[in-house]
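2 protein chains.
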Amino acid sequence: MNPQTKIITLDQIKKILPALDLLPAIEQGFAAYSAGKAVVPPVGELLLDKGDVHIKYGYLKEDEYYVIKIASGFYDNAALDLPSGNGLMLLFRQKTGELVSVLLDEAHLTDIRTAVAGAIAAKYLAPKKVQRIGIVGTGTQARLQLEYLRQIISARDVLVWGRGDEQLRHYQNDMEKQGFHVEITLDSAEILRTCNLVVTATPSKKPHLHARDLQPGTHITAVGSDTPLKQELDAEILKRADLVVVDSISQCLERGETHQAIKAKKITSGKLVELGDVISDKASGRTLDTQITIADLTGVAVQDIKIAEAVFNKALKS
Amino acid sequence: MNPQTKIITLDQIKKILPALDLLPAIEQGFAAYSAGKAVVPPVGELLLDKGDVHIKYGYLKEDEYYVIKIASGFYDNAALDLPSGNGLMLLFRQKTGELVSVLLDEAHLTDIRTAVAGAIAAKYLAPKKVQRIGIVGTGTQARLQLEYLRQIISARDVLVWGRGDEQLRHYQNDMEKQGFHVEITLDSAEILRTCNLVVTATPSKKPHLHARDLQPGTHITAVGSDTPLKQELDAEILKRADLVVVDSISQCLERGETHQAIKAKKITSGKLVELGDVISDKASGRTLDTQITIADLTGVAVQDIKIAEAVFNKALKS
Chain G
1 MNPQTKIITL DQIKKILPAL DLLPAIEQGF AAYSAGKAVV PPVGELLLDK GDVHIKYGYL
61 KEDEYYVIKI ASGFYDNAAL DLPSGNGLML LFRQKTGELV SVLLDEAHLT DIRTAVAGAI
121 AAKYLAPKKV QRIGIVGTGT QARLQLEYLR QIISARDVLV WGRGDEQLRH YQNDMEKQGF
181 HVEITLDSAE ILRTCNLVVT ATPSKKPHLH ARDLQPGTHI TAVGSDTPLK QELDAEILKR
241 ADLVVVDSIS QCLERGETHQ AIKAKKITSG KLVELGDVIS DKASGRTLDT QITIADLTGV
301 AVQDIKIAEA VFNKALKS
Chain P
1001 MNPQTKIITL DQIKKILPAL DLLPAIEQGF AAYSAGKAVV PPVGELLLDK GDVHIKYGYL
1061 KEDEYYVIKI ASGFYDNAAL DLPSGNGLML LFRQKTGELV SVLLDEAHLT DIRTAVAGAI
1121 AAKYLAPKKV QRIGIVGTGT QARLQLEYLR QIISARDVLV WGRGDEQLRH YQNDMEKQGF
1181 HVEITLDSAE ILRTCNLVVT ATPSKKPHLH ARDLQPGTHI TAVGSDTPLK QELDAEILKR
1241 ADLVVVDSIS QCLERGETHQ AIKAKKITSG KLVELGDVIS DKASGRTLDT QITIADLTGV
1301 AVQDIKIAEA VFNKALKS
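Residue numbers (the working numbering), protein chains in the order written: chain G, 1 to 318; chain P, 1001 to 1318.
Since the hints were made in silico from the structure, they are not lab data. Every residue, glycine too, gets a C-beta built ideally from N, C-alpha and C. Be aware that a few hints might be false.
[To be verified] Over the 10 angstroms line for every Cβ pair with chain P, so calculated as not near, a few chain G residues: (1) G44; (2) Q172; (3) E183; (4) R212.
[Said to hold, decoys possible] Okay, the calculated bits of chain G under chain P, using three or more residues with CB under 8 angstroms as the criterion: (5) 96-109; (6) 114-120.
Extracted from the complex, chain G is given alone in its bound form:
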């Protein structure tokens, strides 16, 4: 083996993660992306009978490495007692093309960097006083979003919506152990009616949340839709919003909630602001507590680049 290639397993990654300060690293990634300092080609996609695979890759010009990330979703895996998500990240040296590290993360770092992006969105867009956090979904991402919000939001009251009572009870049980007070509901309308910070984290193709339930002063982060077909929010919600923030304008024209709302002619691309510009203060985040704000996150390679670099740099020292 090339002595310079460091293989990092999922177990090692899980041990390293708690020691990392990922929020500033990924904020820096978003800011560099929006400032045009990142090279991020279009996402590669491979469609199979049982799932789909995305290849996200690129680099920041000021960095030492480029990153290629492979992440897949195979939705029949549960029946085989396997996780639906899978994949790995690869770190190469920008000057020579040498493979510096293979991060066998099995999609865990994609989950984490998505949760971190949710926390960043909340930092800039959530109302000052969050009464109750609303979570749509009960899967891995619905858990991680809440976990990472803890760093940013002091509220511990949570309402979670899911399709089945059993998953809801599991979610409630697990997240209460982490110090949240969790109530459950089978009526998704209750989320927007009673929570002013909402995160949606499902692979749905039909909206869970509707504009008729939307209250002033709400922020919604939508992380579930990352394809042209998935949709968690009624397009009317984006029309009613005072501010629609996206991780990547070019990508959100093709994928996610924004894509759906533009297709439905509810908004135009002129309404979109990039998260990186909010972070670097080139654009405003929330300015009034009564505003309705949306963050549509489809996932960009700069997040993968930043988390892969952070894990690798820490692994080198340990």
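Fit chain P to the supplied structure of chain G, relying on the hints for placement.
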């Protein structure tokens, strides 16, 4: 680590390779590709200051795996005493997305599958009696092409062209040890004037070979150009050819010698035949010894798929 992920190092790969019968495997890959049985999305590309990276990926519907291959060329690496080529291959299960194997081949398997494709082209297109093999270039691929031609062609007389006397002497010395009789030249015109099986294997952007030197009964395999800008053959050569065979029509419209000849309006896409169709007898290869034939090989993911599967399957047994 996921116990199912097998890491295979370059040393292990080099030990496995001699035991593999790659020609039939890769022939089958080309045939499946041309029969529409392969899913091969467009090549992903990442351009950096010092080099470029290609991501080739796909699968054969009848196979068990999909493959993602990363290969890079960093042309200043020689000054750092590093090889210019680098990369790896990844094998995933089609049904679940599980990462089955990481082949840390450092681009060696890309070199080998390219050499195997050259041998396959010679099998179907070289004239019955090869007097002398002409090689354009003195690098790794120029060596491997000759090495793999040995399986197909009985001629051992070789003329090699290169830009420098030192590289030519090295090539001569190394290939004579392998049983070839090698003469050297600094005049590239001599290649087409005295050899009837020619392989070009350089990253040139200006043609080495010209139609004025072309003799009846010659076959030329061009493997060096795999981008829209590289070119080893005068476009007039493709016009004069009786048969132009390509590994992938769609890819060769965008890259390689064919792309150049079409851009120069010397040929149209109607002249192109796919190697896979020649292999499976849906199209004719060489039918007369006096014909001029060209094989333009830009490299397709099916070659990577087939070589990665062959190495992995053998590694499982050893």
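Checklist line | Hint check, failures only | finding: 1 and 6
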